[in-house]
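Colleague: Given chain A, put chain B in place with the hints provided.
Sequence lines, in order, name chains A and B.
Okay, so the first sequence: first residue is 218 according to my numbering, each after it adds one.
Okay, so the second sequence: first residue is 6 according to my numbering, each after it adds one.
Note that these hints are calculated values from the structure, not bench results.
A virtual CB, placed ideally from N, CA and C, is assigned to each residue, including glycine.
Treat each hint with caution, since some may be false.
Computed from the model, here is a short list of chain B residues facing chain A with C-beta under 8 Å [said to hold, decoys possible]: (1) G21; (2) R23; (3) V24; (4) M54; (5) H55; (6) V57; (7) V115; (8) A124.
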Amino acid sequence: MMGIIAVDERQKRQRARSWAIFALLAGFVALVYVITLVKLGAF
Amino acid sequence: MTDLSLHPTRDLAETGARVEDYAALLKPRVMSLVVFTGFVGLYLAPGHMHPVLAAVAVLCIAVGAGASGAINMWYDRDIDALMSRTASRPLPAGRMAPGDALGFGCFLAVASVTLMGLAINLAAATLLAATIAFYVFVYTVWLKRRTPQNIVIGGAAGALPPIVGWAAATGDVAPAAVALFALIFFWTPPHFWALALYRAGDYARAGVPMLPVVAGPQATKRQMLAYTLVLWPCALAPYFLSVAGAVYAAVALGLSAAFTGFAIKVLRDPTHGSARQMFGFSILYLFLLFALMLIDRAPQGVPGLA
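So here's chain A without its partners, still in its complex pose:
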């Protein structure tokens, strides 16, 4: 029983970390895109 809980907890944390990394990378890509547009004088 304890083992199942530990695996669940581990999977939950891994999922949360994966989403956090995805959000960070997506945010970074968007940021670079916006910086590029600003540097090119689009805004």
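Modeller: Frame of chain A; chain B shown alone:
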């Protein structure tokens, strides 16, 4: 690694740290002050800067500060475990593997400096890299465990963000930026020693030679008073350098008088009650001074973000 083997919750590190633990590595409270002072430096600087690029510069300063905090927590995990104030941090509590924290910190350090260099300018990137390197190598690795002057010299790292912000806006460093640096630099000793006075037992247990541990409370209190006196001209410097107006100067005088008043109260108080109050006031003091520079500058135009 050794701290994990000593800790009963080490299994948590094997299941992996939570996202909140990674956030805690960035020392959010320290980061907020760094971001604010860095922003003020950028805001007060002359010249034009696109708001998006200004936001990117502040983001880089924030991430660079967070990276320094993460690497600091990795290096200090052994002594953090011995102090009640820091024992619940992710590494000493065994919620994260040390290598993960180091990798995270190094990645953020490189990313923030690279982005600053590519998106803003080389001067700001160089200063940001120097800030991170100073905090990690000079303060954390070299001074912290060796000398009671650790936070005096190491305070330079915490004082650099306004200069980084200024350089981000202008590509250069001016006397006004150095004045902002001096204000934080001379504010740091009385701020940290107020904390160290009522946490002296913690520092003694961890073997960190903070001034109250090495020289005793009275010598520390006298030095705190001396630093609050040095702060008077530093607090007024932005006015004399035409960065802030007369309202700022008047309030800066009042706040500096109050800070010195707290130091006198601490000197006369045999308990640590006044030191706690002074620590709280020190944060308010710096925040109000920098906030006033923003407010008192605004009517004259906002060159940094014009």
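Colleague: Evaluate each hint against the coordinates.
Modeller: Tested hints:
For G21/B, the suggested interface contact is upheld, since its CB lies about 5 Å from the closest CB of chain A, less than 8 Å. Hint status for R23/B relative to chain A: holds, with the closest Cβ pair at about 6 Å, below 8 Å. A hinted interface residue such as V24/B counts as satisfied when its beta carbon comes closer than 8 Å to some beta carbon of chain A; here the least separation is about 5 Å, so the hint holds. A least Cβ separation of about 11 Å between M54/B and chain A goes past the 8 Å threshold, and the interface hint is therefore violated.
With a cut of 8 Å, the hint placing H55/B at the interface with chain A holds, because the nearest CB-to-CB distance is about 5 Å. With a cut of 8 Å, the hint placing V57/B at the interface with chain A holds, because the nearest CB-to-CB distance is about 5 Å. Checking V115/B against chain A by beta carbon gives a least distance of about 13 Å; that is not within 8 Å, so the hint is violated. About 5 Å separates the beta-carbon of A124/B from the nearest beta-carbon of chain A, less than 8 Å, and the hint is met.
Hint check: violations occur at hints 4 and 7; the rest are consistent with the structure.
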